[in-house]
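Residue-level listing of the chains:
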Amino acid sequence: MSDARNQARAVLEGPDIHRALTRIAHEILERTKGAEKVVLLGIPTRGATLAFRIAERISQFEGVKVPVGTIDITMYRDDLRLRPARPLGRTDLPAEGVDGRTVVLVDDVLFSGRTVRAALDALNDVGRPRAVQLATLVDRGHRELPIRADYVGKNLPTSKSEKVKVYLQEIDGRDAVLLIKGDDRPGAGETNGER
Amino acid sequence: MKRHLISAGDLTRDDALLVLDTAEELARVSERSIKKLPTLRGRTVVNLFYEDSTRTRISFEAAAKRLSADVINFSAKGSSVSKGESLKDTALTLEAMGADAVVIRHAASGAPHRLANWVRGSVVNAGDGTHEHPTQALLDAFSMRRRMGRIEGLKVAIVGDVLHSRVARSNVLLLQALGAEVTLVAPPTLLPVAVDTWPCQVSYDLDAVLPKSDVVMMLRVQLERMNAAYFPSAREYSRRYGLDRERFARLHDDAIVMHPGPMNRGMEISAEVADSPRSTIVEQVANGVTVRMAVLYLLLSGSEPAIGGDL
Numbered sequence: 001m002s003d004a005r006n007q008a009r010a011v012l013e014g015p016d017i018h019r020a021l022t023r024i025a026h027e028i029l030e031r032t033k034g035a036e037k038v039v040l041l042g043i044p045t046r047g048a049t050l051a052f053r054i055a056e057r058i059s060q061f062e063g064v065k066v067p068v069g070t071i072d073i074t075m076y077r078d079d080l081r082l083r084p085a086r087p088l089g090r091t092d093l094p095a096e097g098v099d100g101r102t103v104v105l106v107d108d109v110l111f112s113g114r115t116v117r118a119a120l121d122a123l124n125d126v127g128r129p130r131a132v133q134l135a136t137l138v139d140r141g142h143r144e145l146p147i148r149a150d151y152v153g154k155n156l157p158t159s160k161s162e163k164v165k166v167y168l169q170e171i172d173g174r175d176a177v178l179l180i181k182g183d184d185r186p187g188a189g190e191t192n193g194e195r
Numbered sequence: 001m002k003r004h005l006i007s008a009g010d011l012t013r014d015d016a017l018l019v020l021d022t023a024e025e026l027a028r029v030s031e032r033s034i035k036k037l038p039t040l041r042g043r044t045v046v047n048l049f050y051e052d053s054t055r056t057r058i059s060f061e062a063a064a065k066r067l068s069a070d071v072i073n074f075s076a077k078g079s080s081v082s083k084g085e086s087l088k089d090t091a092l093t094l095e096a097m098g099a100d101a102v103v104i105r106h107a108a109s110g111a112p113h114r115l116a117n118w119v120r121g122s123v124v125n126a127g128d129g130t131h132e133h134p135t136q137a138l139l140d141a142f143s144m145r146r147r148m149g150r151i152e153g154l155k156v157a158i159v160g161d162v163l164h165s166r167v168a169r170s171n172v173l174l175l176q177a178l179g180a181e182v183t184l185v186a187p188p189t190l191l192p193v194a195v196d197t198w199p200c201q202v203s204y205d206l207d208a209v210l211p212k213s214d215v216v217m218m219l220r221v222q223l224e225r226m227n228a229a230y231f232p233s234a235r236e237y238s239r240r241y242g243l244d245r246e247r248f249a250r251l252h253d254d255a256i257v258m259h260p261g262p263m264n265r266g267m268e269i270s271a272e273v274a275d276s277p278r279s280t281i282v283e284q285v286a287n288g289v290t291v292r293m294a295v296l297y298l299l300l301s302g303s304e305p306a307i308g309g310d311l
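The listed protein sequences correspond, in order, to chains S and P.
Positions 1 to 195 (my numbering) are the ones given, in order, by the first sequence.
Positions 1 to 311 (my numbering) are the ones given, in order, by the second sequence.
Be aware that a few hints might be false.
Reference listing, derived: stretches of chain S covered by chain P, where coverage requires no fewer than 3 residues with Cβ under 8 Å from a Cβ of chain P [to be verified]: (1) 69-76; (2) 79-86; (3) 89-103; (4) 119-130.
Quick caveat, the hints were computed from the structure, so don't treat them as lab data.
Ideal placement from N, C-alpha and C gives every residue a C-beta, glycine not left out.
Let's have the full structure, built from the sequences with the hints guiding it.
The following block contains the structure:
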C-alpha cells in the first residue's frame, strides 16, 4: 500500500490479520485442551477488540463460549509521571471472574513488555488466575523486561525508531498493520509501539 | 499551567466530563475485593481542615488511600493553629514536608486561593466559607448523570440557603458548563446580592418550580453562619421552602431529590423524603469517594495536571 506518507508500509493487510487471529484461536484451543476454563482479557483499546475477535473464532471452531473481557492498565503503568494524566480505559471482567482460570491477555503490539507487566499487576488485584498467557498480534522485539508471548500473530523485526500502528475495522474503519519509518535521532520513537 | 481545583469555574466542559468519565471507571474499583490502586504511590496528600467536616474529610482520605498516596490529616483543633499559627506558616510547614497536594477546608472564602500562592503542590478546595466546594459539585453532577443518564438539558432546582452555600455556587457554575438549566429557589433574604449575575434563573416560589424540575437539590439551612434573622421562624421556613411529602408528590415520577448533607431533617427536608428511593443522598456519599479519586488522579498522577485552573 502506498500511504500518503510514503514512509509507512503495510506489513499486514486485512486478510493477513484474519489468518493470524484464526491461527491464534486454534493455538489457544490446542494449548488449553479445548479452551477449558480459559478467560480472554484484552488490553484496551485494540487488544480488547482483538480479544473479542479471537473469542468469536473459538466459538465458531469448537462451539465453546469463552468468557471475554477487558482489563485497563493505565493506573498500573510505570511511566505515568512522564506525561500528563491520561483518560482511563474500560475494565470489564466477565461474570465468571478470573480465579482458578487460565487468563489469556491479548494486546495488539508487544514491544518493551511494560504494558504486560502492568497488566500482570492489574490482574493480581482482581483475582488469582491458575495461569496467565499472552497473545499479541505483532511482536516487534526490543523487550526491556523478561516477558514473552505465548501466541504471536506476526514477528516483526523493527528498529527502535520505527513505529508500528495497528488499525482495526471496529475502531479505525479498516484492518492493517503499518510500519512507519521514524527519524533516527537518538530518543525519537522511544514511546511508540505498544505504549 | 493548570494546577489547582479552587473553583468549579476552573473546569472547562471537557475537564468536567473527563473527571466524570474517569470517576465512572474508578467506580468499578470500589466494587472489587481489593479496592486499591498503586497509582499515587509515593505522593503525599495533606488534608488541611480548619472547619468541622465528616463526609468531605473522610471521603478525601479514602480517595487518596485507595490510590496509595500517603495521607497526612491536619485539623485545626489540637494543632499549633490553636496557639495562633497563621495559615501561611502552616502552609510553609506543609511545603517543607513535601506535600504534592493540599486539600483545604477553611471558614474564610478565598483561603485556598491564598494557599495556592504559598505551596508548590496542587491545591484542592474542599469548601471555603460561603464561596465554593467544587468536588461537591462534581459528585452531584456524577450522581445526577448516573441516575438520569445525562446532564445536558436537565432542569435542576437548587433550593434553600443559597446565601451561605458554597455548594450552590459551585453547582451553578459546573451544571451550567455541562448544559443543565439551573433555577435557584430561596427567600429573598437568603440570596446573595449579585445573584442576578449568576448563570441561572431565580425564583421565590418553590411550588411553581417543583413540577418542572428533574432534579431538586435541597440545601442545608446553615444556622451556624446565620448572625441575623433571615426568616421569621424555622417553622415558617419549613412551610414555604421545605420539601415535605405533599411537595414531593408534585414532582414528576422520574425526578430525583439530592442533598449535600448534613441534613436538618424536618427543616429543609422531611425524613420521609430523605429516605425515599428517589433520594440520592446515600449514593452521593459513595460517589464522593469515586469522584475525589478521579480528581486526585487527574491532578497528581501525570507529569502535570490534566484538569483545573491557574491562579
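Hints that the structure is at odds with (numbers, increasing):
none
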